[in-house]
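Visitor: Sequence:
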Amino acid sequence: MNARKNKQRFKDLELSVTLWPTFPHFEQFALDKRLSAIRLNSAMVGGDRLDNELTLAKKLQGAVPMYFDLKGRQLRIREVNADKSNLELTLNHPIEVKTPVEVLFKAGEDYAVLDRVVDGKHLIFDGGPEFMVYEGESLHIRDPSLNVTGPIFLDYEIEKIEKSMKAGFDKYFLSFVESQRDIDEFRELVGDSHIYAKIESKAGLRYVQNEFRRSDNLNLMAARGDMYVEVDKPHDILNAMKLIINKDPDAGVGSRMLLSVMDKPVPSCADLSELAWLYDIGYRKMMLCDELCLKGDLLGTAVNVFESFRNSYARRPAPYLLPESKQRSGYSGSVSTEFGPDEPGTAQSWLRR
Numbered sequence: 394m395n396a397r398k399n400k401q402r403f404k405d406l407e408l409s410v411t412l413w414p415t416f417p418h419f420e421q422f423a424l425d426k427r428l429s430a431i432r433l434n435s436a437m438v439g440g441d442r443l444d445n446e447l448t449l450a451k452k453l454q455g456a457v458p459m460y461f462d463l464k465g466r467q468l469r470i471r472e473v474n475a476d477k478s479n480l481e482l483t484l485n486h487p488i489e490v491k492t493p494v495e496v497l498f499k500a501g502e503d504y505a506v507l508d509r510v511v512d513g514k515h516l517i518f519d520g521g522p523e524f525m526v527y528e529g530e531s532l533h534i535r536d537p538s539l540n541v542t543g544p545i546f547l548d549y550e551i552e553k554i555e556k557s558m559k560a561g562f563d564k565y566f567l568s569f570v571e572s573q574r575d576i577d578e579f580r581e582l583v584g585d586s587h588i589y590a591k592i593e594s595k596a597g598l599r600y601v602q603n604e605f606r607r608s609d610n611l612n613l614m615a616a617r618g619d620m621y622v623e624v625d626k627p628h629d630i631l632n633a634m635k636l637i638i639n640k641d642p643d644a645g646v647g648s649r650m651l652l653s654v655m656d657k658p659v660p661s662c663a664d665l666s667e668l669a670w671l672y673d674i675g676y677r678k679m680m681l682c683d684e685l686c687l688k689g690d691l692l693g694t695a696v697n698v699f700e701s702f703r704n705s706y707a708r709r710p711a712p713y714l715l716p717e718s719k720q721r722s723g724y725s726g727s728v729s730t731e732f733g734p735d736e737p738g739t740a741q742s743w744l745r746r
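With the working numbering as the guide, the letters of the sequence shown map in order to residues 394 to 746.
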C-alpha cells in the first residue's frame, strides 16, 4: 500500500447533512459534534427569505462549518403553469434540444414528453408527468442533442453568492461542474473560498478524468442524486465512484444514502453494505441529502446509524478479520475511466434499466 492510500486509510470518517436554519431541528444538528459540516441548499430559497436564513445561520455560536450550495448550469424550474391540460414551465437556462423528447422529473422517478421549446426557456409538454412539479425542482434531459446555452451564473445566483459572502461564507458547493471553465468563473466570484465541485453528469466525469487538478481549496463531490440518473446504465455509477476517489482521495460522496431508515429505524443490509463499500474504496467524507434531512426524527436515526457504523466498522476492524497480509482485497485500484460521448437515452429506457 503506497503512502497516500495508507494515510487515507487511517483518516476518520466525516459526516455532513443538508439543512436550513429555519428547520426546527437545525440547531440540534448544527451543534452536534458527530457532524463535520452542514450544507445549505440554495435551490428553493431566495430574496428576503435567504437574507433571514443566512442571518440565522451565522448567529448560532459553536455550530459546525457551513457550506453554501450554488446550482450553476443545472437545469431548474423557474415557473410552472399546471392549469392547462399540457404542462408548461419555464427553465432557468435556455436550451436547445430535438423534440419530441422525454424529460425526467423527481430524480428519475417520473417523466413526461416535451413537445416543443419556445424561446429557449419555455417548455411545452404533451400532457404531463404523473406527479406535480414545483418551482425550484431540477429536471433531466438525457438526449445527446441537448445544449444548455447562456451564462453559467445567472443574475439571481450571483446575488445569492454576494449575500452569502457578505454573511461570511467562504465554503461552497457548485452543482453540475463539467469543465475547468466552470471552476474558473466561480473563482472570480468567490475568490479563494473552498469549493466542492459536484460531479453529476457524464460531462462532469470526463472533466474529472481529463482536466481536474487537486488543490488545497478544491475537492470533488460525487453527487449521486443526479449522477445516477445521468449515467447510461445503473452499474456505471460504480466506476464513476471509483474514478472520483482515485482522482481526489479527499473527495466526498452524497445522496441516495441510508434511505431505508425513512421507512423503519433499522437500516437495510444493502444500505450498511454500501457504506462499507464506499469506505473501503477510499471515501472518508459522506453527506446525507434527499428527504432524509427534512425531518428531525429521520435525520436523528440516520446520524445514529452512521455513528454506529463509524465506531464499529470504520474505527475498529472486526476482531475475526484475517491479518492484512492475508486478506483478499476486493478492490485492485484499477478503474475503468472511459466516459465517452453521450449516447441516446430516453426516460422510458432509463426507468427500465
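Simulated from the structure, these hints should not be mistaken for lab results. Heads up, a few of these hints could be off.
No farther apart than 27 Å at their CA atoms in a straight line, the calculated lysine-lysine pairs in the DSS-like style are these [as the list claims (entries may be wrong)]: (1) Lys635 <-> Lys657; (2) Lys491 <-> Lys477; (3) Lys678 <-> Lys635; (4) Lys556 <-> Lys626; (5) Lys477 <-> Lys564; (6) Lys556 <-> Lys635; (7) Lys451 <-> Lys626; (8) Lys514 <-> Lys491; (9) Lys626 <-> Lys426.
Cβ pair distances, simulated, as ranges [claimed, not checked]: (10) Lys451 <-> Asn697: 45 to 51 Å; (11) Val473 <-> Met558: 27 to 33 Å; (12) Ser701 <-> Thr492: 48 to 54 Å; (13) Ile630 <-> Arg442: 45 to 51 Å; (14) Lys451 <-> Asn610: 19 to 25 Å; (15) Ser478 <-> Lys404: 24 to 30 Å; (16) Leu424 <-> Pro537: 43 to 49 Å; (17) Gln421 <-> Asp548: 34 to 40 Å; (18) Asp508 <-> Gln421: 45 to 51 Å.
Note that beta-carbon positions come from the ideal geometry of N, C-alpha and C, so glycine has one too.
Visitor: Confirm or reject each hint.
Guide: Evaluated hints:
1. Lys635 <-> Lys657: 30 Å, violated
2. Lys491 <-> Lys477: Status holds; Cα separation ~23 Å.
3. Lys678 <-> Lys635: 14 Å, holds
4. Lys556 <-> Lys626: 39 Å, violated
5. Lys477 <-> Lys564: Outside the cut-off at roughly 42 Å; violated.
6. Lys556 <-> Lys635: With a Cα-Cα distance of about 36 Å, the restraint between Lys556 and Lys635 is violated, given a limit of 27 Å.
7. Lys451 <-> Lys626: Violated, at roughly 42 Å.
8. Lys514 <-> Lys491: 14 Å, holds
9. Lys626 <-> Lys426: It is violated: about 38 Å lies between the C-alpha atoms, which goes past 27 Å.
10. Lys451 <-> Asn697: 45 to 51 Å: Violated, since Lys451 and Asn697 (Cβ atoms, about 28 Å apart) do not stay within the stated range.
11. Val473 <-> Met558: 27 to 33 Å: 31 Å, holds
12. Ser701 <-> Thr492: 48 to 54 Å: 50 Å, holds
13. Ile630 <-> Arg442: 45 to 51 Å: Roughly 34 Å apart at Cβ, these two residues miss the hinted range, so it is violated.
14. Lys451 <-> Asn610: 19 to 25 Å: 21 Å Cβ-Cβ, so the 19 to 25 Å window holds.
15. Ser478 <-> Lys404: 24 to 30 Å: 55 Å, violated
16. Leu424 <-> Pro537: 43 to 49 Å: 47 Å, holds
17. Gln421 <-> Asp548: 34 to 40 Å: 35 Å, holds
18. Asp508 <-> Gln421: 45 to 51 Å: Cβ of Asp508 to Cβ of Gln421: about 47 Å, so the range 45 to 51 Å holds.
Consistency with the previously given hints fails for numbers 1, 4, 5, 6, 7, 9, 10, 13, 15, ordered from lowest to highest.
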